[in-house]
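Go by the hints and put chain B onto chain A.
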Amino acid sequence: MPSVCFYFQVHQPFRLKRYSFFDIGKDHDYFDSDKNEAISQKVAHKCYLPTNQVLLDLIKQYRGAFRLAFSITGTAIEQMRLYAPEALASFVELSKTGCVEFLAETYHHSLSSLYDEEEFREQVRLHRELMLEVFGYQPRIFRNTELIYSDAIGALVSDMGFRGCIAEGADDIVGWRSPNFIYSMPGRSTRLLLKNYRLSDDVAFRFSNRGWECYPLTAEKYAGWIHSVSGAGDTVNLFMDFETFGEHQWASTGIFEFLKHLPGEIFKHKDWNFATPSEVLELYPSRAEMAYPRVTSWADVDRDTSAWRGNRMQLSALEQIYDLGKAVRWQNDPQALAIWRKLLTSDHFYYMCTKWFADGDVHAYFSPYESPYEGFINYMNALKDFKAFYLGRGSEEEEKSGG
Amino acid sequence: MKVLMLGWEYPPHISGGLGTACEGLTRALSRHGAEIQFVVPSLFGGEHAPHMALMDSRGGTPKVFGDLTGKYPATAQPKKRKGSKAKSGIKTIRIPALLSPYLRPESYDAAYQAAGSGLGFTAIFDLAVESEKISLMLDDFEEGVGKARYGSDIFKEVARYTAQVIALCSELEFDVIHAHDWMTYPAAVALSQLSKKPLIVHVHSLEYDRSGEAVNPSINQIEHFGLHAADMVVAVSYYTRSVIQQRHAIATGKVRVVHNGVYPRTVVQRYRSKRLQGRRIVLFLGRVTFQKGPDYFVEAAARVVPHVPDVLFVLAGSGDMLPRMMQRVQELGLGAHFEFPGFLKGHEVEEMYSLADVYVMPSVSEPFGISALEAISFDTPVIISRQSGVSEVLAHALKVDFWDVHRLADLIINALLHNELRQDMVAMAREELKRLRWDASALRMLELYRRLA
Numbered sequence: 001m002p003s004v005c006f007y008f009q010v011h012q013p014f015r016l017k018r019y020s021f022f023d024i025g026k027d028h029d030y031f032d033s034d035k036n037e038a039i040s041q042k043v044a045h046k047c048y049l050p051t052n053q054v055l056l057d058l059i060k061q062y063r064g065a066f067r068l069a070f071s072i073t074g075t076a077i078e079q080m081r082l083y084a085p086e087a088l089a090s091f092v093e094l095s096k097t098g099c100v101e102f103l104a105e106t107y108h109h110s111l112s113s114l115y116d117e118e119e120f121r122e123q124v125r126l127h128r129e130l131m132l133e134v135f136g137y138q139p140r141i142f143r144n145t146e147l148i149y150s151d152a153i154g155a156l157v158s159d160m161g162f163r164g165c166i167a168e169g170a171d172d173i174v175g176w177r178s179p180n181f182i183y184s185m186p187g188r189s190t191r192l193l194l195k196n197y198r199l200s201d202d203v204a205f206r207f208s209n210r211g212w213e214c215y216p217l218t219a220e221k222y223a224g225w226i227h228s229v230s231g232a233g234d235t236v237n238l239f240m241d242f243e244t245f246g247e248h249q250w251a252s253t254g255i256f257e258f259l260k261h262l263p264g265e266i267f268k269h270k271d272w273n274f275a276t277p278s279e280v281l282e283l284y285p286s287r288a289e290m291a292y293p294r295v296t297s298w299a300d301v302d303r304d305t306s307a308w309r310g311n312r313m314q315l316s317a318l319e320q321i322y323d324l325g326k327a328v329r330w331q332n333d334p335q336a337l338a339i340w341r342k343l344l345t346s347d348h349f350y351y352m353c354t355k356w357f358a359d360g361d362v363h364a365y366f367s368p369y370e371s372p373y374e375g376f377i378n379y380m381n382a383l384k385d386f387k388a389f390y391l392g393r394g395s396e397e398e399e400k401s402g403g
Numbered sequence: 001m002k003v004l005m006l007g008w009e010y011p012p013h014i015s016g017g018l019g020t021a022c023e024g025l026t027r028a029l030s031r032h033g034a035e036i037q038f039v040v041p042s043l044f045g046g047e048h049a050p051h052m053a054l055m056d057s058r059g060g061t062p063k064v065f066g067d068l069t070g071k072y073p074a075t076a077q078p079k080k081r082k083g084s085k086a087k088s089g090i091k092t093i094r095i096p097a098l099l100s101p102y103l104r105p106e107s108y109d110a111a112y113q114a115a116g117s118g119l120g121f122t123a124i125f126d127l128a129v130e131s132e133k134i135s136l137m138l139d140d141f142e143e144g145v146g147k148a149r150y151g152s153d154i155f156k157e158v159a160r161y162t163a164q165v166i167a168l169c170s171e172l173e174f175d176v177i178h179a180h181d182w183m184t185y186p187a188a189v190a191l192s193q194l195s196k197k198p199l200i201v202h203v204h205s206l207e208y209d210r211s212g213e214a215v216n217p218s219i220n221q222i223e224h225f226g227l228h229a230a231d232m233v234v235a236v237s238y239y240t241r242s243v244i245q246q247r248h249a250i251a252t253g254k255v256r257v258v259h260n261g262v263y264p265r266t267v268v269q270r271y272r273s274k275r276l277q278g279r280r281i282v283l284f285l286g287r288v289t290f291q292k293g294p295d296y297f298v299e300a301a302a303r304v305v306p307h308v309p310d311v312l313f314v315l316a317g318s319g320d321m322l323p324r325m326m327q328r329v330q331e332l333g334l335g336a337h338f339e340f341p342g343f344l345k346g347h348e349v350e351e352m353y354s355l356a357d358v359y360v361m362p363s364v365s366e367p368f369g370i371s372a373l374e375a376i377s378f379d380t381p382v383i384i385s386r387q388s389g390v391s392e393v394l395a396h397a398l399k400v401d402f403w404d405v406h407r408l409a410d411l412i413i414n415a416l417l418h419n420e421l422r423q424d425m426v427a428m429a430r431e432e433l434k435r436l437r438w439d440a441s442a443l444r445m446l447e448l449y450r451r452l453a
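In order, the protein sequences belong to chains A and B. Numbered per our numbering, the first sequence finishes at 403, counting up by one with no gaps. Numbered per our numbering, the second sequence finishes at 453, counting up by one with no gaps.
In isolation and in its complexed conformation, chain A is listed as follows (with noise of 0.2 Å):
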């Protein structure tokens, strides 16, 4: 009795204004408020809404027996609470059918696992709080930024009592095994969930690419490929960005047709059913301990975490953003720490970098810079007003008397 289990990634951060060098000391707002409130409205009307519309119907046409999960970072909440109330209006429907997970992650999907635990923790109980505000639920699966995951953070999430987790089935750590298992971490009860990263990717990146030789791809044909692991497999992890749906895939190459009748595909295998992350630790045993030795994540070829710490603007800005942690806690100023927080997206690190960025890929795609130089520049400019002006005001007869 396999079942497909979906979990779609929601996430909007807050970009930066053009920030310049002579702004520091005048201007303490940093962020594009005119350039989020267009992005929310944008995807909201390309993505959201209508996604949601045929995630409901095809949940009230078969009854509760199409399920699935989302994990909605904070930011994209907040900022759907701003420029795009509709939009949140449609996740908290969908909530209400009872088909539909919500998992955890941090507040402000940020690297804080990697960088500062005392952080890491801290987000994710924000993202916990609001989960339980917004949407009623209490979150027992764990989904860390970019499915960034290692044996170390791991043992952080068992420890925060979480009863599953999230991550890449990258090849290297996987191995000969199958991603279509339930595994557990190693000396540990808590559970891991392994993307199927090449049936994930078919939809996410491959759908509407002419030059693949399994152009187009229907639903029929995919629901074979998912049906042809029967007998090896209990779950196909189908985890993937949800702008998959309107905003990387448009509506005019059919992915709402494609998802509208997908289930119905599916279903044509009695065999086969639909489970959220929750249900499937529920219907399936781990089958065996997966280690994960070096930090994998879902993000390019590489699965590694070179996308946000590939270069020394990356790891430079990473590293002087973190070490401001311990002073905007202890200075306990909330606008201070709510920006500061907000300075922690990974998205931010993301547009610095430089690996095939001459080759006009996805990082360009998504970057609102003309470059990763000039995302360096603007978040750097930003961070020293930052420290001189937000962490600069408790602490001047400190800094003066010091030096």
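Hints in this document: simulated from the structure, not taken from any laboratory. A few of these clues could be false.
[To be verified] Estimated spans, in silico, between C-beta atoms of each pair:
no., chain 1, residue 1, chain 2, residue 2, range
1, B, His347, A, Leu82, 56 to 62 Å
2, B, Ala427, A, Glu37, 32 to 38 Å
3, B, Arg437, A, Gly211, 25 to 31 Å
4, B, Lys434, A, Ala288, 42 to 48 Å
5, B, Asp310, A, Trp356, 32 to 38 Å
6, B, Asp310, A, Phe366, 36 to 42 Å
7, B, Arg437, A, Asp323, 38 to 44 Å
[What the hints assert, rightly or not] Derived coverage of chain A by chain B (criterion: at least 3 residues anywhere in the stretch with Cβ under 8 Å from a Cβ of chain B; other residues may be distant):
no., region
8, 11 to 25
9, 268 to 278
10, 367 to 376
Note that the coordinates shown come from a computational prediction; the quantities given were computed from them, not determined experimentally. For glycine and all other residues, C-beta sits at the position ideal for the given N, C-alpha and C.
The following block gives chain B in isolation, referenced to the frame of chain A:
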């Protein structure tokens, strides 16, 4: 493929990027099988061009290097003839140069007759070409018109070169004529008409780039004439192609883009270690003229200095705007932060690029901007204006609109403050340079030759 190339300068005797580009392109072309005969107005000795026949338009003592032997025609030096009466039976090639309208081939004779009766010609040459007598007329080569910007004798030089090239090349064998920039256009057009061989004019820069709206009408007209007479136009960037279309109304299909390339260099560590000890250096290196935007460099510097006290701006090069720039630096009180080393050459250029922490090319209108690639090849990160062709091919650079001195200052400050930014830029740009090879330009060029010949 036998190519007759007409150029104006060749390394090491160069005044700008034109000679460097010609060297790069011809070396790669010859590697890919092209036989090149390259004619410049003068050879000075010291030119090293084993890959082709490099010829002095004056003929006489042939300075031919390498395997290919440039054949010099038996024709003697072109005779300068006084008076302007055309003999019957003499074929007349007339090149409009100054203030005269663009002439269509069929109107040469009419214009010649009209001119003979009134207007004066200062340069007429009789030539013997394929047993025909040719009278080459260059209208009104008057001194002084181009004096301010180009020196007193540029038009005389062009006239002399034109006549000599026709005399020299009429007995050479070639499949296609490839002419670099306006100085060679009159010769190229005349030769193309005589030989019936296809003509490619290669635009490395336009009068509009060099002078903005204050164009020298004569040069502008020669460019116009050459661009229209050519069978194909090659532009060094899409930027330049768009200028050609706007300014000279040449159809898109006729203009092809072939980007310049760069050859790999080895960074001289001796220079680099000096960099670490001294002040942080921001470099401008190029002609100090309107086109290169030195004034934007100075204005940006004024905004940088208060925030980076140990910065040193080096404005290297010479040009008509240099005195004004020196004066402006004094007015702004930036004397302690500026150096004007003048025109640099050879190893001085290499040392300067190596010493700089960041190279700035704030050009107002830059068809390509090969110096940005050279700076990178010496491990120096670059800030380039968006109004440049090189910004089309270089992703790992900081880019700015030339007029936005505020943003330019922002970028300079950040480039100086953050080693990690400079290091990442250089590391990535070096990789990028590997793809901007002259070989790629040459292969594209050969394809265009084949299409014409």
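Each hint tested on the structure:
no., hint, verdict
1, B:His347 x A:Leu82: 56 to 62 Å, "60 Å, holds"
2, B:Ala427 x A:Glu37: 32 to 38 Å, "37 Å, holds"
3, B:Arg437 x A:Gly211: 25 to 31 Å, "27 Å, holds"
4, B:Lys434 x A:Ala288: 42 to 48 Å, "45 Å, holds"
5, B:Asp310 x A:Trp356: 32 to 38 Å, "36 Å, holds"
6, B:Asp310 x A:Phe366: 36 to 42 Å, "38 Å, holds"
7, B:Arg437 x A:Asp323: 38 to 44 Å, "43 Å, holds"
8, 11 to 25, "holds (count 3)"
9, 268 to 278, "violated (count 0)"
10, 367 to 376, "holds (count 6)"
Hint 9 alone, counting from the list given before, is not met by this structure.
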